[in-house]
Each structure stands twice: as structure tokens, then as C-alpha cells.
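Novice: Whole structure, please, built from the sequences with the hints as guidance.
Protein sequence lines correspond, in order, to chains W and G.
For what it's worth, this note's numbering labels the leading residue of the first sequence as 1, then goes sequentially.
For what it's worth, this note's numbering labels the leading residue of the second sequence as 1, then goes sequentially.
Note that these hints are calculated values from the structure, not bench results.
Any given hint could turn out to be false.
Chain G residues, not near chain W, derived (Cβ > 10 Å throughout) [said to hold, decoys possible]:
| id | residue |
| --- | --- |
| 1 | VAL38 |
| 2 | TYR53 |
| 3 | GLU54 |
| 4 | ASN94 |
| 5 | VAL133 |
| 6 | SER158 |
| 7 | ALA159 |
| 8 | LYS168 |
| 9 | PHE258 |
| 10 | ASN300 |
| 11 | LYS310 |
| 12 | THR379 |
| 13 | LEU435 |
Below are the EDC-like pairs computed for lysine to aspartate or glutamate, each with C-alpha atoms no more than 16 Å apart in a straight line [unchecked claim]:
| id | chain 1 | residue 1 | chain 2 | residue 2 |
| --- | --- | --- | --- | --- |
| 14 | G | LYS427 | G | GLU364 |
| 15 | G | LYS427 | W | ASP188 |
| 16 | G | LYS263 | W | ASP188 |
| 17 | W | LYS421 | W | GLU387 |
Label-pair restraints from in silico Cβ distances [as the list claims (entries may be wrong)]:
| id | chain 1 | residue 1 | chain 2 | residue 2 | range |
| --- | --- | --- | --- | --- | --- |
| 18 | W | PRO406 | G | ASP139 | 25 to 33 Å |
| 19 | W | ARG191 | G | LYS168 | 39 to 47 Å |
| 20 | G | ARG274 | W | ARG191 | 44 to 52 Å |
| 21 | W | GLY419 | G | SER483 | 37 to 45 Å |
| 22 | W | ALA52 | G | GLN550 | 27 to 35 Å |
| 23 | W | ARG81 | G | GLY405 | 58 to 66 Å |
| 24 | G | MET571 | W | PRO241 | 27 to 35 Å |
| 25 | G | ALA163 | W | VAL32 | 54 to 62 Å |
| 26 | W | GLY93 | G | PHE374 | 38 to 46 Å |
The C-beta atom is built at its ideal place from N, Cα and C for all residues, glycine as well.
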Amino acid sequence: MSSLPIRISAHDKPGAFETEGWPTITLPAIAVVRATERAIDSFYSSTSPEPAQVCLDMSRVKYLEIASLQVMTAFLAMRHRSGLVTKIRLPAGEDGLKVRHFLRRWEYPKALHSVTGKRFDFFVDRQDLRYFSGAPGTGDTDNPYSPTTVRYSTKYGEVVYTKDSYRFFGFRSWQLSDRADKAAVVEDEQRRWKEAERVVAETLRRKLIVRNADKAQRIEPERYLASRVVLQAMTNALRHPRASVLQASSHMTQAIADQRLVDTSFTLVYWDDGIPMHATLREALDEEKPIIFKTANRATYLVVYKNSDNRVDRIRVARSDEIPSKQTSEEDLLLSTLFPGVTCDVTGQNRLSPSDLERDDLVEVPGDGLLDIPGHGLFMLVEVAVELLQGSVSFRCGDLFMNVSPLSDAAWRRLRLEGQKPPYRVKIQRRSGCGPRFLGNMVTVRLPLEHQGA
Amino acid sequence: MKYGVLPFRFGRAATEPISPSFDKFYAAVAQMCADSNVVLARSNSPISVPLAYEMISDAQLMFRISSAHLEAWIGDANLVIIDLANPVDQILPNHHIIGSLNALIRYYSTTANSRKRRFLLLLPAMLAELDPVMQSIADLIDDGTLAAISNNGISLRSAAFGASPDEKRYVEALAIAHGRPEDAIRRKLVRFPGHFKRYADKRHSHCTSYYFDGRLCEAELVNYLDHYFASIDPTPSETQILYHATISRWLSNAVEAFGKRRKREVTNLALDFRVREDVRNVTLVLPLVDTGNTLDTLCNLIRQRAPKAKIRVLTVLATQRPLSEPGSFNFAFGSEEVRVDFIAAVMQQRFAPGECPACKLNIEATDPVDPDPFDKLSTHAFWALAMELGFEREENVPPYRNSLGFIPAFKRINDMNGPFLAYKVHKLLRSSRDLPANPIVICPQEDGVGAIANWLESVFGITVIRIPKTYLGSDSIAQELASPPEAFFLNSEAQPAWLTQLQSLRYFQEEFGKGRRVLGSPNYSVIILDEINSSGKTRSLLVNLAAKFQLNIICCMSLVDFAPFEKPSEMRVTSLYEIDLVSVRDRRGVH
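Specialist: Written out as C-alpha cells, the structure is:
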């Protein structure tokens, strides 16, 4: 038997609140991340000022993804830090049982505690404490997704087995403010991907889709994932000023195809509560700090700008040699974080600024610009996740959302634009100005999986 | 033809001597690239270039350090082997690493002392053609200056490169250098001490003192299964792979991973007794064969389901066997015999109900699912190890203190339980957040702690600097400190490894400071490790030595602390186990 890991004690009255009558954000039954955000935006479009008490109602939810949970975490943290009260209604009844088990499997209570310093039951409506162990009545039982505590009694003794262990990585959190050794944080996450999870690695090696499939046998895509996506996402998050917490999670999504349950995609989410990336660049530009490193790498992007009503404002082809200036819009500043040679580490946490470096003892070598390669982290991440592994990368930073995906030949032809087809389609959208700003930076990488003959 | 090697080592902070097996490997690879006999270039430093996190995110730093290594011997070399595939499970080189090597190759293939010089890049896995990192060196490959080969033998080269490694021979040479997976499995098996109650037909049948755990060697086990099934199983469609893992999650992980790798269906009989009736061959994989009861039951059940199947068994561990390993034996069940192959033979203490010392002491049974819930050694674990291997009068007593008298036989304990104790040291460091990204341990060069240090190095990838006791407290270090920091690349053959390692740290610290806002820092952080602590003298000598090289001390750890109440206030001190022997001795006047 397994239940939510937090027990209720009498002195800490977490469920002192019942949310009946509170302003309520209702999540839909299928709570994918965009639907979750739409529910929050829709609530704030008719609510002003910011309510002191809000109920986040998940009672109808039958399907949830980790990206939705990460968005919820950012939302709950933002309100909690502002002294506002937010309570959750858990997915209800038998229909919500599977989702409640997913919350356990992803160790969501621990994740929320890491960000807010408050136990999970603090955020839960009193009525829903019945799903917890230790509460009056019965808690949830028989969790098929429990990480280690599924025990079977056989004639040989107890069996411990993790069903679907290769599909789930729970939320992992790192407190950054008290850690001097940020390299150890990267190493900690890297170690898991390099050596610990053999089943995950072997599954991904076989199932990740590699562009130019005839050459796929030559490379090990799971190693690309660990070396470029994980490492760059972690390194990028650690460089965001004023980040005090970093979270990572991942999940292999399944769906029914060909009358079988098959793995369809692999999702990785990284979130930090630091300054949004484009705001860091804006700060540097305002202070007239250089943010561009000379580079031989180039990239082009088809950029679709959408307004908060999801209507297309304009479309253009952007080139990575466009140099951001003080006049550059927030949208284009966020876009420029993808450009090779643009660094958000402009505050010099890790290295001197380019102009200072010129005075330093730079090595004079042939190959112009070969050694001047800071500011390539997100460029490399996108190259691997989108170009090589045919997935998508999305960014949530402040009021902006940006998604990068492969640009198909057909989509390019439809636009009838001149010039060579860019490899990427970038969608940038400003969220509705009514709701609270998204706290920090969130990077979501989605990679499709081969499921023929799985 | 002369060759030189730039042997990078990921995740290491200090230089290390190149092992003889890799010396041979590099020579073999060079020979594959030559039409005549090859010779190592003069002054090719036989030490590695560590690739700590700081370096893989700074091309400038990596360029400076790599060229300091190369400068000593490049003028004499026609072929340069650049090893970026070590240790084996490494990340792919990123844009900083390849950026610096790109500049390095262009520089050293155009400088005045260059003849026709070729570069061979050893990679953990081949880079994709779409990868911008790969595209940045494509012209060097096209013109024959550079070739690349990966651990699985896939190579990328143009005809202009000339002779190059044959893919099959390269993989074979690399396998020899890395050692056989079965050797690594035996080396990495952790033997957890505890009070393990075993059951048969839901009744307590006996107790054992150890649980053997393969959590550290799952990757090697997957490789072993790969080789094993390739050799015994030429027609996979006719063979069903079964395994039986009740509490051994490590076996389940490894077999399932093998199944994913080879698209083979694998079935855990403990959860799903699904044996195909018409199958011709059944191979059963087990974590351990001890009494044979489970094996007997499983074989009989398989026979009932698959009357005509030929049954074969692979067990990772077998008890009651001569310790010649690996091996095989025949096991009789019903009226037939099956062949049982095993990877490692182990000794297991077994007690019948009523005879188990732990039961008599009412010691709670250890949960085999989590046999090691504590960060430190439990009292039961420590004394179980001590009682197993006995006591002896302390040897090699340092001149500055009295003997502790009879103490547990630490050398034998460490030799027999190296992986377990190294696992405990690593676990304690991690849980107390004392483990930096590229950890360095400084310890005295002696047998006792040496065994643990070897495992910390080979299993956990920790850089270990072993200081001979004769140098502790010696003033001769001052002279070494006066030498220019980069000289260690040149001096490495003439001086002891520990001195080269310390000098390399000093050099990297200085180089790391260049181009950084935080000039001159951060200093490398180290962990001081000793076998036993009694007077605190060895500890303080090691601390002083580290201070001379401007190294930060994260913590001082001893395996057993005999003076737990005499801790210096200025640093963190910890141990796996504490016995207040010093206070007792002082009270009793024992010497």
C-alpha cells in the first residue's frame, strides 16, 4: 500500500481552509500545459485585482503532464511569496485516482515543498485531505506507479518491483542560494543520465528519432540528450541571476497506437526562479554591456509573432547576426537568446565580458573566432533537440512564450517567402497581460519517439 | 613514425598517471595508423589532462592547458592521438572542447615545426553530421589532417588521412584496455553486511550475513549479457529469456536494459510466470545461487510449462563454489541436469534458525530492499566486519603517538570490503553535501586506506592523491613550490605522481583564474581521508600540505575515529564510525 508521503499532524492545520466560495481557476479534464495556462489566463481576464485567496481546482483532471505541474509550481510559488493564499483541489474520486498516483510518482509534494518551504498539505483543500494517509477515512491505495514500494508477497518472500521505472523521473530540486559549487549541481543531474538509469538510456537509444535515419546507426542519440540537452539546460538555468531554486523533471508519455500502449514522446522540463532571460539581456543593454561574442556559427529562423489572442501579428525570417540593441523588443530579445554568440551570462558570474577579455591574455590562434564561443548553450540545445532529434523546445519567461520546432518544407512553401528555408519555426507569443507574470524561466523539451515495432 | 597522446580524462580535477593498459592501447592504435613501427614521441608526458567542469565550459582554458602538455613533445610527433573517450560513459565533447581542439589542431598543423602531422580523435560515440560541433571540424577531416573513431568502432576519415584504425581491431584493443566486463562486475559488487532472514515456502529457513548488490555495475552487466547471449544464442527467436528478481532491483534493471538494447523480450518470473510452451531454449538469469532451493523450484516449474525446452542458467553470483571465476557447474533437478554459468563466486555465511548470532541478540532483520539505510556504519555493520576478520596489534605506529594496542584488522577489513566501504564514504560525502563536481581525495599512501582509495578512484571516479608518509611534514615541498607551475608536464617522469598531481592543481588554479572576474579563485576543494584517527597528527599534516598548495579543505574524514571528541574547530571532521578509545585509554593508562 502506498499513499501520499506527507502525514497530517494535529498542530499544523493545513486544511484549515475550505475553498468553497473562493475565486476558482478550474483546470480541464485533459490538463496539458497550454490548457493549464489558458485556464489561469482566462481566470485573470475577469478577475482584478489579484485575489487574496484562490482555489486551483484540479478535481476534474484525468490527465496531467509534468509541464503543467511545473507551471502550477511557478504560479503557486509566485503567489505564496507575495503572501497570497492558494489552495488546490486534488483530482477527485476514482476518475482522479490515476492522476493522484502520478503526483506521488513524480514526487510532486516534495517538489512544491522545495520551492515554497511549505508542506504539500498546506496547499490542499481540507476536503481533499481524505486522499492522504493518516487522514480520517481511507487514503489512496495500490499505487501502480510507486517508485520503490510496490511489494508482492510470493512463496519466495517479498517482491519489490518498479513497474514502468524507465518512464518516470520524479521532480528533482536544487537549492542554489546556499551552494557555492554550481558545477556539482550539473554533475549531480548528469551522473543520473550518464550511468544510473540503464533502462532509460537503452530505451532512448532505440526509440529517439534521429534526422537522416539512414545515418542513425552511427550515433547514440541518448548520449546527445545527456551531453547537449541536459547539460546545456542545466548550465543555462544556473546562469540566470537571482535564481534560488532549480527543478528538473522528465517523463515518457504513452498513448494507444495500433491497439497497443506505446511510448510516444519524451519530455524534459527545467525551471528556475531567476530573472527572465530576455530581462537579463535588457538589463545588460541598458547598462551598455556587450552581449555578443564573435562566432562563426550562423542560424536562421522563421519567426511567427502572435498576440495574446493567438492571432498572428506578423511573420518574418530572422538571422542570428541581427545585433540586439536598446530598441529591440522583448520578443526579439528572447529570440536572440537562441542566437550563437549571445550570452545571458552578461553579469560576468563566470567570465569577464568580451571587452574585458580583449585586454586579457587571449590566445592568438588561427581559425578566427574558434575560441570565442560563449553564448552557444541554447543554440546547441536547440540544434540537437530540434534539428537532430526532430523535437521542440519551448521557453516560458515572464510574459513571453516561445516555441522552436522544425520548419517543414510544406509549411515553408505555403508562405511563399523568398530565400532558403530556415530550419526552425519559432513562435513567440505574449501572454495575456491580466494574470501574474510567470515566475522565472522554464524550458520544455519534447522529443518524439519511434513506436513502430516497439 | 612517432606518436604522442593527449589523454583527456573527464570528471577529474588533477592529472593522473596513464595506466599500463592504456599505454598499450595508445601504442596499438598508433600502430594501426602506421605503415612502419611506431615509437612514442620523446618527452610525451605519461600523465593525463583532467577535464573538470570548469574546463569543458571554457575553450580558452582548455586550449592553454592542452598546449602546455603538447608543447613538450609535439615537435617530435607525426601522429597525435586525442583521447576524449575516457572514462567510458562520458558525455560527447561540446563546442568548448571541440572549439579548443579545433584551434589547437590548426595551430600545430601550421606552425614551423610541423611536418605532415595527423590527429586522431577518440570519441565515446560518433558525432552526427548535423551537429555544429562536427561541422566545425569537417574541413580538417576532409583534408586528411584529422580522423575520428568512436568506442563502437565507427570511424570518420577521408582517404587523405592514410592508414587508420580498423574498426574491429580498434574495438578489440579498447575492450582489452578497459578490461573484461566480468572483471568490472566482480570489482564493483557491493557486499552489504546485515542480518538477512531468508524464507522458503513462507517459512524462515535460514539467516545470512551479507547481501550482494550489483547497483554499481549495472552497465557492465548489460554489456556482459550482450556478450553472453551473442555467444550462446545464435538464433534468438528460439530462445526465451527469463529472469527471477525478487529483491535484486539491480538485476532487473540490467536484464530489462539488455532487453531494450537488443529488442529481446525478457520476463521476470517473480511477477509473471509466463513460459512459452513451444520454446526450444530457455535461459534463466538469476542474481544468486546459494542453497539451490529457488533454482530447483524454478527449473521444475519451467519444465512443467515447457516440456521440451533446453534450460540453461546464468547466475551473477554463486556460493559454495571454488573461488576460481567465472565458471560453470551442473545442477541436478528432477531427473535432469542443467548447466549453470556464474560470473562471480562469493562466500556467504549461513545460519540455521536458532543458530543465528544476530537472532540470539534479537537484532532486527535487515530489509534487503534497503540494506543500508544509514549514512555512517551501523554498530552492527562495523562489528560484524571486525568479528569476521579478527583483531591484531596495531602495526606501523607513527612515531608521534603510542600504539592503540589490539584493534580490528583494518587492512583485512578494507581489502575484503573495499567496494562497500568506498560506497559508504561516497554516500556520506554526498548526503552531507561534501562532494564537489570533480572530487579530490588526499590520503596517506598506506595499505589500509589505500584499498578504499583504489575503489573510490576506479568505481566512483574520484581523483585520489596518495602522499607517502615520509613526505608528510617534510620541508622539501617548499622547493617544489618554487618551480614554475607548468613545469610538472615536463617533470612528471622524474618525480612522484602525488607531487605532479598537486603541482597540476596549483597550475590549473592559476590558469582558471585568467579571464575570470573572480581572479585567482575558486581554489580546488579537497577531502582529507585517513584510515583511523587517533592523535589527529596525520590529519593535521595532510591539512598543512593541502594548504601549501592553496587547496580548500571540504572536510576531513576517517574510516574510524578513535578520538571523536578531539576535533579541530576550524574544519569539518567526520567518520564512518566512532570509538572513544583515546578517553578510555587515558583513563586506564593503557599504552
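Novice: For each hint, tell me whether it holds in the structure or not.
Specialist: Status of the hints after comparison with the structure:
1. VAL38: 28 Å, holds
2. TYR53: Given that some Cβ of chain W is not farther than 10 Å from that of TYR53/G, nearest at about 4 Å, it is violated.
3. GLU54: At about 7 Å from chain W, GLU54/G fails to clear the 10 Å cut-off, so the statement is violated.
4. ASN94: 7 Å, violated
5. VAL133: About 8 Å separates VAL133/G from the closest Cβ of chain W, which leaves it inside 10 Å; violated.
6. SER158: Fine: 16 Å to the nearest Cβ keeps SER158/G off the interface.
7. ALA159: 19 Å, holds
8. LYS168: 16 Å, holds
9. PHE258: 8 Å, violated
10. ASN300: 13 Å, holds
11. LYS310: 24 Å, holds
12. THR379: 26 Å, holds
13. LEU435: 7 Å, violated
14. LYS427/G - GLU364/G: With Cα atoms ~23 Å apart, LYS427/G and GLU364/G exceed 16 Å; violated.
15. LYS427/G - ASP188/W: Holds, at about 13 Å.
16. LYS263/G - ASP188/W: Violated, at roughly 30 Å.
17. LYS421/W - GLU387/W: 13 Å, holds
18. PRO406/W - ASP139/G: 25 to 33 Å: Holds - the Cβ-Cβ distance for PRO406/W and ASP139/G, about 27 Å, lies within 25 to 33 Å.
19. ARG191/W - LYS168/G: 39 to 47 Å: Distance hint for ARG191/W, LYS168/G is violated at roughly 32 Å.
20. ARG274/G - ARG191/W: 44 to 52 Å: 35 Å, violated
21. GLY419/W - SER483/G: 37 to 45 Å: Cβ of GLY419/W to Cβ of SER483/G: about 59 Å, so the range 37 to 45 Å is violated.
22. ALA52/W - GLN550/G: 27 to 35 Å: 54 Å, violated
23. ARG81/W - GLY405/G: 58 to 66 Å: Hint holds: Cβ distance 59 Å, inside 58 to 66 Å.
24. MET571/G - PRO241/W: 27 to 35 Å: 32 Å, holds
25. ALA163/G - VAL32/W: 54 to 62 Å: Taking Cβ atoms as reference, ALA163/G and VAL32/W lie about 56 Å apart, which means the hint holds.
26. GLY93/W - PHE374/G: 38 to 46 Å: 41 Å, holds
The structure is inconsistent with the numbered hints 2, 3, 4, 5, 9, 13, 14, 16, 19, 20, 21 and 22, although it conforms to all the rest.
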